Amino acid sequence: MTRLLTAIAAVTLTAPALHADEIRVLNWQGYGTDLEWAVEAYEEATGNTVVHEYFNSEQETLTKMRTNIGAYDVVLINSSFTPQVVAEGLLDPIDTSKLKNFSNLDPAFVGNAGLNGEGELYGVPWAWGMTSIAVSNADFDDMPTSLSVLWDPKWEGRVSIRDDAVEAVQIGALATGQNINDVQDLEAVRSKLTDLMPSISTYWGSENDWNQNMASGSFAAATYWSGSAARSIGKGLDITFVVPDEGAIGWLDGLSVPKDSANKDAAYSFIDWMIDPEFYVGWDKEGAPGSANTAATAALPDDSFNKAILKDPTLTTKVQFMQPLADEKREEFLKLWQDLKAAQ
Amino acid sequence: MSGGINIARTDKLRAFALLSPAYLWLTLAVFLPLSAMAFFSFLTEVPFGDAEWSVTLTNYSAFFESSTFSRLLLKSVMLGVKVTALCVLIGFPCAWVLAKMIKGRAREALFLMVILPFWSNSLVRIFSWAIVLRGNGVLDKFVNAIWPWDVKVNLLFSEWAIVIGLVHSYLPYVILTSYLALQAIDDSLIEAARSLGAKWWTILWRIVLPLSAPGLLAGAVLVFVPVVGSFMEPRILGGRMGTYYGTLIEDQFVAVFNWPLGAALSFILLAVVLIILAVASPILKRAQT
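Heads up: the sequence lines are chains C and E, in that order. Per the working numbering, the first sequence starts with residue 60, numbered consecutively. Per the working numbering, the second sequence starts with residue 7, numbered consecutively.
Please keep in mind that the hints were generated in silico from the structure rather than gathered at the bench. None of the values given here were measured: they were computed from a predicted structure. We put the CB at the ideal spot given by N, CA and C, even for glycine.
Below, a list of computed lysine-lysine pairs in the DSS-like style, where the Cα atoms sit at most 30 Å apart: (1) C:Lys-388 - E:Lys-81; (2) C:Lys-294 - E:Lys-147; (3) C:Lys-394 - E:Lys-81; (4) E:Lys-205 - E:Lys-109.
Partner residues are not named here, just some residues of chain E that face chain C (Cβ under 8 Å, in silico): (5) Thr-74; (6) Arg-77; (7) Leu-78; (8) Asn-142; (9) Arg-246; (10) Thr-249.
With the hints as constraints, model all of the structure from the sequences given.
What follows is the structure, encoded as C-alpha cells:
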C-alpha cells in the first residue's frame with residue numbers, strides 16, 4: 060500500500076492543476092472502477108471524490124455522452140466501439156505522459172486498432188478477456204492444443220458452443236484459419252459449423268448453464284469465457300481453460316477521457332490508479348478480467364487464474380481482438396446461425 | 007306480454023352490468039397488449055426512445071422468403087400433434103378410471119395427484135425432468151440398478167425428452183376435461199348396451215366416445231395450442247434438437263431484439279393455429295354426432 064500511496068503522491072505533486080475535484084465515471088455497474096475499497100483509498104490519497112454513473116448497453120454510453128456534454132471525466136469504452144465514439148468527436152486523445160503506469164502496458168494492447176485512430180490513442184487499455192475453450196479435467200489427460208478438439212468424434216454429443224450467432228461464426232472463422240474481423244469465406248465457416256452441429260449436445264446460454272452442464276458431464280469440451288472460467292474454477296469446477304493454437308476471440312476495454320471533461324488531470328490520476336498493479340492485485344482476488352498492465356499481471360500470486368493463462372508469452376499475439384461489426388454482417392451471421400439451428 | 011319483455015330487458019341489463027367488469031378486464035388484459043404487438047409487427051423498428059421507424063410489411067414477407075420459418079412451424083405443429091395424441095391416449099383412460107371405476111376418498115387422492123403438477127412452477131418441473139433424463143441421471147441410475155446388463159440411458163437433448171416434458175405438463179388438462187364429460191354419462195346407458203350384448207369396444211366407440219367427445223376435444227385443443235408455441239421446454243430439454251418455432255420467436259424478443267419480426271411470426275402462428283382448428287372443426291363436429 061505504501062508503494063501505491065507514494066505513487067499517488069507523486070501524481071499529485073507532478074500534476075499542478077490537481078486539487079480536490081469530483082471525478083465522474085461512466086461504466087458498467089460492478090466493473091472495477093466502483094470497488095468500494097479502491098475508491099475509498101483513492102479518495103483518501105488524492106482528496107478527489109469519485110461519482111459513478113452506469114450504463115446498460117454500449118449504445119447507452121454513446122447516447123449519454125452525446126446528450127450530457129461535459130458530464131463525465133472517465134468513460135469505459137470497449138475497443139470495438141471506440142472508433143464510433145471517436146468519429147463523433149466526443150473523445151480527447153490520451154496524453155500518455157500523465158500516466159505513470161503507461162510504460163508497463165502491453166504494447167499489443169496499446170497498439171490495438173480499435174483504441175487508436177489517426178495516429179492517436181483514444182483509450183487507455185485496461186481490462187481484457189477471451190472467448191476460447193475449456194475442457195473437463197476428468198475427460199482429458201493431455202490438454203488439447205487445437206480447436207479441432209470440438210470436432211473430434213471422440214467427444215461427439217459432449218461438445219457445446221454458446222447460442223450466439225456472432226460468436227459461432229467467429230469460432231468457425233478461427234477453425235478455418237480466418238480473421239474473425241474480416242471473414243472472407245463465409246461458406247467455409249458454414250460447412251465447418253455444419254460439421255460441428257451433430258457433436259453438440261446443447262447450446263449454452265449463461266455461465267450458470269455452462270457450469271451445470273459441465274458438472275453433470277453433459278460437456279467434455281465447450282467454448283467459454285476467460286472471466287467465467289476463472290469464477291468456475293474458483294467455485295471448484297474441475298476444468299482447464301485452453302487457448303488453442305488457432306487463437307481465441309478477445310475483447311479489450313479502455314478508459315477514455317471525454318473531450319469536454321472539466322477535470323482532465325483528475326481523470327488521468329484516476330485512470331493511472333485503475334491501471335496500477337496494486338489495484339489489480341486487489342481486484343483479482345474478487346474475480347477480475349485480465350489486466351493490460353504486464354507489471355500488474357506479474358504482481359499476481361502464482362496460483363491466480365489470470366497469471367496462469369497469461370504465462371504463455373505468445374498469448375496476446377494469438378488472440379484476435381474483436382472489432383466493430385457492421386449491421387449487415389451481423390444480420391448475415393444471424394441468418395446463417397438460425398439456418399444451422401433450424402436444420403437440426 | 008309487456009311484463010315478459012320487461013323482465014327479459016332487466017335480465018339483459020343485469021347480465022350486462024354483472025359481466026361488464028369481466029369483459030372490461032379481458033379487453034384491457036388481452037386485447038391491448040395483443041394490439042400493441044399487432045402494431046409492432048408492421049413496423050421497421052420498435053418505437054422506443056428516439057428510434058426511427060416506419061410502417062412496413064417486410065416482417066410478414068420475411069416468413070415466406072426463407073424456408074427456415076415454415077420448416078420450423080411444421081416441426082412445431084408435428085410436435086403439437088404428437089404431444090396431443092399422447093396426452094389423449096394416456097389421459098382418457100385415466101379419466102375413465104377416475105370417473106367410473108373409483109369412488110370416494112381414493113378418487114380424491116388420485117385427483118390430487120393429477121392436479122399436483124399444476125402447483126409447482128413449470129420451470130422447476132422441466133429442470134427436474136432434465137435431472138431425471140440426463141445420462142448418469144436418475145433414470146440412468148435406476149435402470150442400471152435393476153437391469154442386469156449395462157445400458158446407457160441418456161434421453162436428455164432429444165425429441166423424446168421434449169415430448170415427455172410436455173406430456174407431463176399438459177396431461178392434467180385432458181384428464182380434467184375428459185373426466186367432467188365422462189362423469190356426465192349415465193351408467194344405465196352402458197348397462198343397457200352391455201345387456202344387449204355389446205362388446206367393450208362397441209360401447210367405447212358407439213356410446214362413450216361420442217358422448218364424451220366435447221370434453222375430450224376441449225382438452226385436446228387446450229394441449230395442442232400452447233404446445234405448438236412452446237419454447238421453454240424445447241430449449242431446456244431438447245438441446246441441439248430443441249429449435250422450434252416458439253424458440254425462434256423467443257430469440258427475436260430476447261436475443262436479437264427484433265421485436266417486429268417476433269411479433270409478425272407470432273401472428274402467423276396464431277393464424278395457422280386458427281386455420282388448423284377451423285379445418286378440424288367440421289370433422290370434429292361430425293365425430294360428435
